[in-house]
Amino acid sequence: MPKPLISIRDLKVHFKRRRQLVQAVDGVSLDIQPGETVGLVGESGCGKTTLGRAVLRLTDITNGSVFFRDQDLAHLSHSEMQKQRRHLQMIFQDPYASLDPRMTVAQILAEPLDTFSLYKGGERDGRIRELMETVGLSPRFVRRYPHEFSGGQQQRIGIARALAANPDFIVADEPISALDVSIQAQIMNLMERLRRERNLTYLFVSHDLRAVRHVSDRVAVMYLGKLVEIADAKAIYDNPLMPYTKALISAVPVPNPKIEATRKRLVLEGDVPSPINPPKGCRFHTRCPWAVPDCRHTVPTLQEIQPNHWAACIRISPEQPHIEHAPSASSGSQ
Amino acid sequence: MRRLVRNRVAVFGMVVVSIIALAAIIGPALIFRATGYTYDYIPADPDLVKSFAPSWMHPMGTDNEGRDMLARVLLGGRISLMVGIISTIVSLVIGTAWGATAGYAGGKLDELMMRIVDILFAIPYMMVVIVLLALFGRHTAMGQLVLLFIALGAVSWLTMARIVRGQVISLKNQEFILAARATGVPKWKIILRHLVPNTLGPVIVYATLEVPAVMLLEAFLSFLGLGVQAPLASWGSLASEGIQNIAVFPWQLIFPGVTMALTLFSLNFIGDGLRDALDPQMKKS
Amino acid sequence: MNLLSVRNLRTYFDTDGGVVKAVDDVSFDIEPGKTLGIVGESGSGKSVTNLSIMRLIPSPPGRIVSGEVLFGGKDLLKLPTDEIRKVRGKRIGMIFQDPMSSLNPFMRISRQLMEVTELHMGHSSKQAREHAVNMLQLVGIPDAGARIDSYPHEFSGGMRQRVMIAMALSCRPELLIADEPTTALDVTIQAQILELIKKIKSEIRTSVILITHDLGVVAGMADAIIVMYAGKVFERASAGDLFERPANPYTKGLLMSVPDPLRESKARGELYQIPGLPPDPANLPPGCPFAPRCDKAADICRREFPPMVQVAPGHESLCHFAKEVYAEAAHLHS
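Protein chains in written order, with numbering that gives the first Met the number 0: chain L, 0 to 333; chain X, 0 to 284; chain C, 0 to 333.
Hints listed in this document are in silico derivations from the structure and should not be mistaken for laboratory results.
Cβ coordinates follow ideal geometry from the N, Cα and C atoms, glycine included.
It cannot be assumed that every hint is accurate.
[Claimed, not checked] 30 Å max Cα-Cα, derived DSS-like pairs, lysine-lysine: (1) L:LYS263 - C:LYS73; (2) C:LYS33 - L:LYS257; (3) L:LYS82 - X:LYS188; (4) X:LYS186 - L:LYS257; (5) C:LYS73 - C:LYS85; (6) C:LYS33 - C:LYS295; (7) C:LYS200 - C:LYS89; (8) X:LYS49 - L:LYS15; (9) C:LYS85 - C:LYS125; (10) C:LYS197 - C:LYS322; (11) L:LYS263 - C:LYS85.
[Said to hold, decoys possible] Just a few of them, taken from the derived set where beta-carbon distance is under 10 Å, the chain L residues facing chain C: (12) GLY151; (13) ASP207; (14) ARG209; (15) VAL214; (16) SER249; (17) ASN255; (18) ARG286.
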């Protein structure tokens with residue numbers, strides 16, 4: 000088993016908002032292998048964006064570790080961390096907001112090169128030109144300002160900036176959500192091509208399940224600060240085991256009228272709870288159609304239910320992976 | 000820039016201010032060449048030591064000491080404008096540095112720095128300025144002026160700091176700042192290269208409106224007799240001299256008064272125009 | 000007999016950059032009790048079409064240049080203002096994308112709901128309140144009687160959208176226009192809202208215009224679909240026909256660029272991407288507006304505006320090669 004590039008161990012990010020404790024990320028452990036794309040999905044409030052930022056230490060980490068090649072990023076000094084940033088970059092959700100409106104594209108792309116003292120002097124221009132071409136933009140536009148580009152082009156600039164210092168790992172935080180459908184496909188293809196050509200590793204954070212399934216090797220599902228299921232992309236979609244994942248997959252509309260007309264939807268009741276006062280026990284029990292009294296007390300841990308398919312639910316096990324067939328919990332009213 | 004030029008009122012303002020500034024800078028020299036009068040030239044002939052109405056020789060008349068009003072108004076312009084501009088620059092530098100640091104740092108440092116601003120704000124600045132000037136003012140004309148700059152600048156940086164801090168706080172949560180952090184850019188560079196240039200909009204507008212405000216302050220002080228002393232002149236001191244004789248020699252007040260008013264509201268027009276021009280530009284086109 | 004007939008609608012905007020033909024000769028019909036889906040990306044004109052029907056276009060800079068909107072026999076575009084107000088809210092209800100900005104944050108929900116029926120149906124306070132509570136129950140707000148006096152910010156996004164639906168349906172309108180009703184919502188909440196709209200549609204028998212960019216949503220909800228691009232209708236068909244046998248290169252491109260978990264056999268192939276950028280509505284090219292991005296484009300496409308070709312009963316496409324594209328599509332799903 001090769002060594003993971005990134006190893007997140009029991010990561011916790013808690014912060015106070017108006018005197019209340021928000022347990023945005025509450026004990027997440029995940030390994031990311033070199034060269035793979037791990038998709039991180041969940042709905043609003045689940046903590047996926049916070050997790051993405053915490054991995055790059057752009058948010059304060061309350062507890063836990065993030066190992067990158069034997070270095071624990073969570074415990075590095077500020078200056079040491081700055082040095083590591085070269086290898087760990089980010090692509091953002093809002094392409095326009097992520098670019099300084101007062102800098103030209105050339106200046107934006109030069110900044111990471113300056114920060115890490117790369118490609119100085121004469122090589123600088125060449126490198127910038129190369130970056131533009133790599134992301135499919137004409138180097139002619141290098142002196143333009145962000146507002147002169149379309150959304151998709153702005154995102155390409157963001158990607159070029161992330162690539163400038165030759166990183167190994169990129170966290171993509173909802174990189175396509177703000178783009179038109181026809182442009183989304185372009186950006187997804189670009190990211191995939193770059194991954195192959197440059198041997199990159201991605202953490203693809205998104206709420207768009209269809210996109211995540213397409214780009215990811217493995218997918219991790221997050222709910223209220225915890226990981227509830229991790230499996231290969233195909234397995235998550237074809238065979239979700241944890242009830243929340245089932246509901247999530249079921250809720251995704253499929254662009255096929257025949258299927259939509261006949262499929263049975265699993266529609267959850269109620270709202271997504273807030274991370275401020277998460278339910279006790281299994282955090283999903285308040286909305287779970289298969290919940291039993293025990294779910295209120297026991298916090299499920301991730302178990303390998305099937306090969307390479309982990310789920311956190313007390314009612315399923317390797318012997319009984321499908322909750323629909325699981326026998327009712329221990330008798331007795333509680 | 001384009002949008003500013005389309006605003007005709009602002010253009011009017013710019014033209015007027017340019018003319019007056021130009022006149023203030025080279026005017027006195029020209030007049031000296033043409034007529035031999037300077038702002039402090041008191042005629043030797045005692046008969047001429049009094050206030051004359053405007054005439055060919057003295058287009059704005061003379062003051063009680065027979066000095067040429069035009070020369071004095073132009074010198075007044077030089078001094079008033081200098082006071083306005085230099086004080087504003089001082090307040091800009093101090094205010095921006097203070098506000099940007101407080102805003103970006105956040106937390107306890109921000110609180111501390113802004114409490115200091117609040118406390119200073121509560122002090123009636125006029126009293127401070129008056130006391131300072133009264134205690135230290137009367138030594139040399141130049142010294143007086145420098146003290147004036149410092150006093151006025153020291154007072155107006157507070158609002159500048161607040162404005163800059165507000166801007167920085169709203170900017171620091173923007174994604175491009177996060178992106179700069181993710182790229183590994185050090186804090187000081189983020190403040191200097193990313194935050195400050197993006198706060199320039201409101202800051203420039205405020206500064207442009209600050210200049211006339213400071214000039215008015217100075218006029219007030221000079222009016223009280225604390226600011227610029229004779230034989231130097233500022234529009235304010237001229238006004239204070241002029242008002243004593245308003246019934247008899249109205250030109251002593253009218254000319255400096257009108258010139259000053261014209262300059263002040265021209266500067267305001269420019270400031271308003273800048274605000275309108277710069278605001279929408281910040282948004283995506 | 001059609002409930003709503005839009006004929007040759009043209010809405011233009013006068014901007015600094017020229018005249019923007021946001022809606023340019025759009026026609027469609029809706030039968031009673033049916034759902035029409037309007038699909039398009041940003042700049043396609045779908046929202047403007049909608050607002051034009053209700054005459055909610057801000058009047059400088061926009062203007063409805065020509066066309067008819069026949070609703071129950073009357074042309075809405077020609078009605079005097081007080082007549083149109085009687086239609087809005089009473090016979091045609093609208094829900095928007097962002098429930099937070101469509102609800103007055105300073106007014107209690109009860110007031111906002113009651114206003115509608117007091118105005119249009121002459122209810123007394125008491126009647127209006129009773130009716131409002133019933134509506135909230137209909138849309139699935141738990142504990143409606145107590146929660147009706149809350150303010151909008153006390154509800155979650157999904158709940159607010161339900162409130163909006165309640166408001167729009169208060170007067171049992173014949174037509175409901177839903178403009179991106181679920182785009183801002185989490186996917187499990189989206190599923191809830193769509194199920195709700197379906198349920199209500201069958202109970203109250205309203206027709207629905209559903210505007211969206213999400214092909215999955217429209218596949219599950221619409222009976223008929225029109226695809227818009229650059230202010231024009233590019234294809235018109237029943238939902239089944241559109242997805243199975245698209246007759247327009249743009250529609251085809253859209254369908255192929257959306258990752259479809261159930262269609263893909265290999266998860267990581269490249270997605271089809273429509274090249275280029277969405278058109279600039281102020282600067283449309285001569286000929287077919289899609290020509291610059293179309294892989295079937297020929298000279299004639301760049302020169303001449305395409306005709307609307309009927310490829311099958313009830314199925315039309317705006318393309319010089321409509322019949323060929325239609326024929327090719329037959330092989331897509333074999």
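Hint by hint, here is what the structure shows:
no., hint, result
1, L:LYS263 - C:LYS73, "41 Å, violated"
2, C:LYS33 - L:LYS257, "17 Å, holds"
3, L:LYS82 - X:LYS188, "16 Å, holds"
4, X:LYS186 - L:LYS257, "56 Å, violated"
5, C:LYS73 - C:LYS85, "13 Å, holds"
6, C:LYS33 - C:LYS295, "34 Å, violated"
7, C:LYS200 - C:LYS89, "16 Å, holds"
8, X:LYS49 - L:LYS15, "75 Å, violated"
9, C:LYS85 - C:LYS125, "22 Å, holds"
10, C:LYS197 - C:LYS322, "34 Å, violated"
11, L:LYS263 - C:LYS85, "40 Å, violated"
12, GLY151, "7 Å, holds"
13, ASP207, "8 Å, holds"
14, ARG209, "4 Å, holds"
15, VAL214, "8 Å, holds"
16, SER249, "7 Å, holds"
17, ASN255, "6 Å, holds"
18, ARG286, "8 Å, holds"
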